[in-house]
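Asker: If you want the building blocks of each chain, they are given just below.
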Amino acid sequence: MVTVFISVLVISSIGGVLALLLVLSEKFIANYGICTVDINAEKQIEVQGGQSLLSCLVEEDIFIPSACGGRGTCGYCKLKVIEGGGLLLPTETPFLSDQEQKDDIRLSCQVKVRNDIFIEIEKELLSVRQYECICSGIEDLTHDIKLFKFGLAGSEEIDFIAGQYVQLLTPVYFKGGEEVYRAYSVASDPLNKGAIELIIRLVPNGICTTYCFEHLSIGDTILMNGPYGEFHLSDTESPMVFIAGGSGMAPIRCILSHMLNTGSKRKAVYYFGANKVSELFMIDEIKQFENDLDDFRFVPVVALPDPAEHWTGLTGLVTEAVESDLENAADYEAYLCGSPGMIEASGKVLAKLGVPEGKIYFDSFA
Amino acid sequence: MPISEQMWLMLVTCFSAVFTSNILLTYFLGMCPFTSVSREVKTSVGLGLAVIFVMTATTMINWVAYHYVLEYFGLEYFRFILFIIIIAAFVQFVEMVIDRYSPRLYQGLGIFLPLITVNCAILGASLFMVIRDYSFIVTVGYGFGSSVGWTLAILAMAGIRQRLTESRIPAGLQGPGITLIIAGLMALAFIGFTGVL
Chain A
1 MVTVFISVLV
11 ISSIGGVLAL
21 LLVLSEKFIA
31 NYGICTVDIN
41 AEKQIEVQGG
51 QSLLSCLVEE
61 DIFIPSACGG
71 RGTCGYCKLK
81 VIEGGGLLLP
91 TETPFLSDQE
101 QKDDIRLSCQ
111 VKVRNDIFIE
121 IEKELLSVRQ
131 YECICSGIED
141 LTHDIKLFKF
151 GLAGSEEIDF
161 IAGQYVQLLT
171 PVYFKGGEEV
181 YRAYSVASDP
191 LNKGAIELII
201 RLVPNGICTT
211 YCFEHLSIGD
221 TILMNGPYGE
231 FHLSDTESPM
241 VFIAGGSGMA
251 PIRCILSHML
261 NTGSKRKAVY
271 YFGANKVSEL
281 FMIDEIKQFE
291 NDLDDFRFVP
301 VVALPDPAEH
311 WTGLTGLVTE
321 AVESDLENAA
331 DYEAYLCGSP
341 GMIEASGKVL
351 AKLGVPEGKI
361 YFDSFA
Chain B
1 MPISEQMWLM
11 LVTCFSAVFT
21 SNILLTYFLG
31 MCPFTSVSRE
41 VKTSVGLGLA
51 VIFVMTATTM
61 INWVAYHYVL
71 EYFGLEYFRF
81 ILFIIIIAAF
91 VQFVEMVIDR
101 YSPRLYQGLG
111 IFLPLITVNC
121 AILGASLFMV
131 IRDYSFIVTV
141 GYGFGSSVGW
151 TLAILAMAGI
161 RQRLTESRIP
171 AGLQGPGITL
181 IIAGLMALAF
191 IGFTGVL
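From first to last, the protein sequence lines are chains A and B.
If you use the numbering used here, the first sequence corresponds to residues 1 to 366, in order.
If you use the numbering used here, the second sequence corresponds to residues 1 to 197, in order.
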């Protein structure tokens, strides 16, 4: 009995002394007081020193992408620290290129706020937020493309410009996996602020697409952040040509909804390419815009239609269709969305048709 | 035991801890950071230095705590708990101090400290020193030698792995798989030192 008493007493008093020592040293040694974080020389926030820069910013509702939760393993939370970030740590170097190191880019989860600190965050990121989304529908579009519908949790709303994209945080779904961010263009109507629709094509062995196709089911909650991207309609009245293939449909569909919402009278033509008739999708829905919009033409193009599919529309590559269908495009603006190969080929054709290089906007996905 | 004899014993223990009974390659303790942080020589140097510092210091503190507290109360069987809380508190404390007062040291060594708080090699060294009944002076040599041996092993491994990045490894063996095989081969090589002492 006495032994038990003594042992408990001795061990807990040693533990207590050590804990007290740590608490005291935390109070006196690790106390950095209140520090100021200066963002883009525009905004100053006051934070308790000693925490990581990332957690300070998150506390202030400034969204910095981070998939690993500040452990320094994902390398997403990069930002520019102009002054006061201290020395570059060995935990950061694997994620930063030589150029980034020269440009004072740091991993914000590894930078500790010990004094006043001056940082630069891209303007675009300041309006980015994280959204909790609940999957509300999954529709097959073709054999490898699906439409995923999400509703924002609570009464959250997302404000985005038609053509922008969001990043989807893929949870860990296989052993040894890591959370990753993947970007997808928003396909839904920008007026519908409580919902996000994505058109996703299955990439063989793709981490995120495999997750969406095989693991995501209706009712699941997933995290997205955004909006990002410079791909959106210009402020002019020039006629437009849209060229897309596969899941490149997404931003164009969104842009068309936006034109309908704003009552745009701009002339537009949309070439949508596929290899087979079975790979075309949303045809009726896009055709409907021909009736609803003032001056819009939809041209689906099939490269190699099966005779059994009785295709009556244009055949050949989408670029060939553009070249033969569109005469004198010198005053057009072009919006391209698709694989890098398709965009490069389309760019050449458009240049031949006289579209100035500065008027070709594209959203390329690798 | 006279002091000169103890000094001699300390040197011998230190040497054997580095080579003949290397804590990593003979006892396979501390494998976790050994496999995960051995990709680059530069980071292994930092980790190695942190291990040398923490292992040497904690074996000394634990020796004092064991012989003057636990033995006094007859509570030797509590050594596991006591050693681990002392190590954890010590590492935390040291991290706080160097984070505050020496950014340069923190950059080189500080960030590795939390990694090795719960390293079994650190606890292992403290336990071996008790089991083998080392005196304080010998313990200093043993703690230092063991950690130097550990650092030597991780440096060798990092050197090999840096070269491995250029070579073709079967998919199933990439990463930890090939690292463990190499560790086994290195352990075999270290057996060659056995006859030295």
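Calculated directly from the structure, the hints in this document are not laboratory data.
One thing to keep in mind: the hints can contain errors.
Okay, the calculated beta carbon distance ranges per label pair [to be verified]:
no.	chain 1	residue 1	chain 2	residue 2	range
1	A	ASP220	B	THR194	52 to 60 Å
2	A	ASP220	B	VAL97	45 to 53 Å
3	B	SER36	A	ASP325	54 to 62 Å
4	A	ALA308	B	GLY175	42 to 50 Å
5	B	ILE181	A	ILE161	48 to 56 Å
Derived, one-sided and incomplete: chain A residues facing chain B with beta-carbon distance under 10 Å [to be verified]:
no.	residue
6	THR3
7	ALA19
8	ASN31
9	TYR32
10	ILE34
11	ALA41
12	LYS43
13	GLN44
14	VAL47
15	GLY50
16	GLN51
17	LEU89
18	PRO90
19	THR221
20	LEU260
25 Å max Cα-Cα, derived DSS-like pairs, lysine-lysine [as the list claims (entries may be wrong)]:
no.	chain 1	residue 1	chain 2	residue 2
21	A	LYS80	A	LYS27
22	A	LYS267	B	LYS42
23	B	LYS42	A	LYS78
For glycine and all other residues, C-beta sits at the position ideal for the given N, C-alpha and C.
Asker: Run every hint past the structure and note whether it holds.
Answerer: Results for each hint:
1. Between ASP220/A and THR194/B the beta carbon distance is about 58 Å. The supplied range of 52 to 60 Å therefore holds.
2. The hint said 45 to 53 Å for the Cβ distance between ASP220/A and VAL97/B, and at roughly 46 Å that hint holds.
3. The hinted range of 54 to 62 Å is satisfied by SER36/B and ASP325/A, whose Cβ atoms lie roughly 58 Å apart.
4. Range check, ALA308/A to GLY175/B: about 49 Å between beta-carbon atoms, so the 42 to 50 Å window is met.
5. In this structure the supplied range 48 to 56 Å holds for ILE181/B paired with ILE161/A, their Cβ-Cβ distance being about 54 Å.
6. Checking THR3/A against chain B: minimum C-beta separation of about 8 Å stays under 10 Å; hint holds.
7. Proximity of ALA19/A to chain B holds as hinted, the smallest CB-CB distance being about 8 Å (cut-off 10 Å).
8. Interface hint status for ASN31/A: upheld, as the beta-carbon distance to the closest one in chain B is roughly 9 Å, under 10 Å.
9. The interface hint given for TYR32/A holds, since its Cβ lies 8 Å from the closest Cβ of chain B, which is under the 10 Å cut-off.
10. At about 16 Å, the closest approach between the beta carbon of ILE34/A and any beta carbon in chain B exceeds 10 Å, and the interface hint on this residue is violated.
11. Proximity of ALA41/A to chain B is violated relative to the hint, the smallest CB-CB distance being about 25 Å (cut-off 10 Å).
12. For the restraint placing LYS43/A at the interface with chain B, the shortest Cβ-Cβ distance is roughly 27 Å, beyond the 10 Å limit, so the hint is violated.
13. Given the 10 Å rule on beta carbons, the hint for GLN44/A is violated: about 24 Å separates it from the nearest Cβ of chain B.
14. Using the Cβ-Cβ criterion of 10 Å, the hint placing VAL47/A at the interface with chain B is not satisfied: the shortest such distance is roughly 17 Å.
15. Look at GLY50/A: its Cβ gets to within about 9 Å of chain B, closer than 10 Å, so that hint holds up.
16. A distance limit of 10 Å between C-beta atoms decides the matter here; for GLN51/A the minimum to chain B is near 12 Å, and the interface restraint is violated.
17. The beta carbon of LEU89/A comes within 6 Å of a beta carbon in chain B, closer than 10 Å, and the hint placing it at the interface holds.
18. Evaluation of the PRO90/A hint against chain B yields a held restraint, the C-beta minimum of about 5 Å falling below 10 Å.
19. For THR221/A, the shortest C-beta to C-beta distance to chain B is roughly 31 Å, which exceeds 10 Å, and the interface hint is violated.
20. Annotation: interface hint on LEU260/A violated; nearest CB of chain B at approximately 50 Å, more than 10 Å.
21. Simply put, LYS80/A and LYS27/A have alpha-carbon atoms about 30 Å apart, too far for the 25 Å limit, and the pair is violated.
22. The suggested pairing of LYS267/A with LYS42/B is violated, with an alpha-carbon distance near 60 Å, which exceeds 25 Å.
23. Pair hint LYS42/B plus LYS78/A holds up; C-alpha atoms about 22 Å apart against a cutoff of 25 Å.
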